[in-house]
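Using the sequences and the hints given, assemble the complete structure.
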Amino acid sequence: SDIESDFVPPEGYFCCCRVAAILMRDVRVGLIGVLRSQRDTHFSAAEAAELDILLPHLRRSLQLTHHLRRLELDLAHARAGLDALSIGVIVCSAAAKLQVANRIAEEILQRGDGIGLDGADTLTLNNPDLQQSLRRMIAGAARRSGLEPYGAGGALRLARNDGAPLKLLVAPLPAAQHA
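Quick note: the sequence shown, position 138, residue 140 per this note's numbering, numbers continuous.
Keep in mind that a hint or two might mislead.
What the hints assert, rightly or not - The calculated label-pair distances, taken between Cβ atoms and stated as ranges, are: (1) 31 to 129: 55 to 65 Å; (2) 131 to 99: 20 to 30 Å; (3) 101 to 48: 49 to 59 Å; (4) 133 to 173: 13 to 23 Å; (5) 33 to 175: 36 to 46 Å; (6) 31 to 166: 55 to 65 Å; (7) 74 to 129: 35 to 45 Å; (8) 164 to 25: 49 to 59 Å; (9) 83 to 129: 30 to 40 Å; (10) 121 to 74: 26 to 36 Å; (11) 58 to 115: 52 to 62 Å; (12) 160 to 121: 19 to 29 Å; (13) 73 to 23: 21 to 31 Å.
No lab work stands behind these hints: they were computed from the structure. As the structure is a computational prediction, the values presented were derived from the model and not from experiment. Yeah, the Cβ is synthetic: ideal placement off N, Cα and C, and Gly gets one too.
See the structure below:
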């Protein structure tokens, strides 16, 4: 196998000092092994003791790496789902600082026709009269702990130089669910 050809010397003989099986959250099992060519000296008791100290840290590192890869995959799927929408979606902080924007929202923000971003990535409107209304709606939506009756947020209609007016809907997001 490819693994064997990478790690086992050509003569095929090796000494194994320690092997640790690492159970992942899914059905996968990772293995960490420390190998040495048999023509080299065997592992000493001191080397084996040092490996016993190191293996729990290597195990945790592998588990964390596996978990981070799963989170990256989850994030990629969420991003692809947002980008598949036919409307612009923006997630921002209570101070209107951009956190996430799907592809369509990014295009709208880059045009800066009606709505855009300032140098600090904060949402700004071309109409200064509506800017404070937008800030109040966003701050009110951010104070809500989730999707509650009587909600928070609101809607705005933004005139643009080119095309139909933009319709903004400000709504709170439910609290994040952690697995």
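Hint check results:
Residue 31 and residue 129 have their C-beta atoms about 59 Å apart, which keeps the hinted 55 to 65 Å range intact. Taking 20 to 30 Å as the suggested C-beta distance range, the pair residue 131 and residue 99 conforms, at roughly 22 Å. Separation of residue 101 from residue 48 is about 51 Å and conforms to the stated range, judged on CB atoms against 49 to 59 Å. With their beta carbons about 19 Å apart, residue 133 and residue 173 fall inside the hinted range of 13 to 23 Å.
The given range of 36 to 46 Å is respected by residue 33 and residue 175, whose C-beta atoms sit roughly 41 Å from each other. Range check, residue 31 to residue 166: about 56 Å between beta-carbon atoms, so the 55 to 65 Å window is met. Between residue 74 and residue 129 the Cβ separation comes to about 39 Å, which falls inside the hinted range of 35 to 45 Å. The hinted range of 49 to 59 Å is satisfied by residue 164 and residue 25, whose Cβ atoms lie roughly 57 Å apart.
A hinted range of 30 to 40 Å for the beta carbons of residue 83 and residue 129 is consistent with their spacing of about 31 Å. The hinted range of 26 to 36 Å is satisfied by residue 121 and residue 74, whose Cβ atoms lie roughly 29 Å apart. About 57 Å separates the C-beta atoms of residue 58 and residue 115, a value consistent with the hinted range of 52 to 62 Å. Take residue 160 and residue 121: their Cβ atoms lie about 21 Å apart, and the range 19 to 29 Å holds.
Checked against the hint of 21 to 31 Å, the C-beta distance between residue 73 and residue 23 comes to roughly 23 Å, which is consistent with it.
Comparing the model with each earlier hint shows no violations; every hint is respected.
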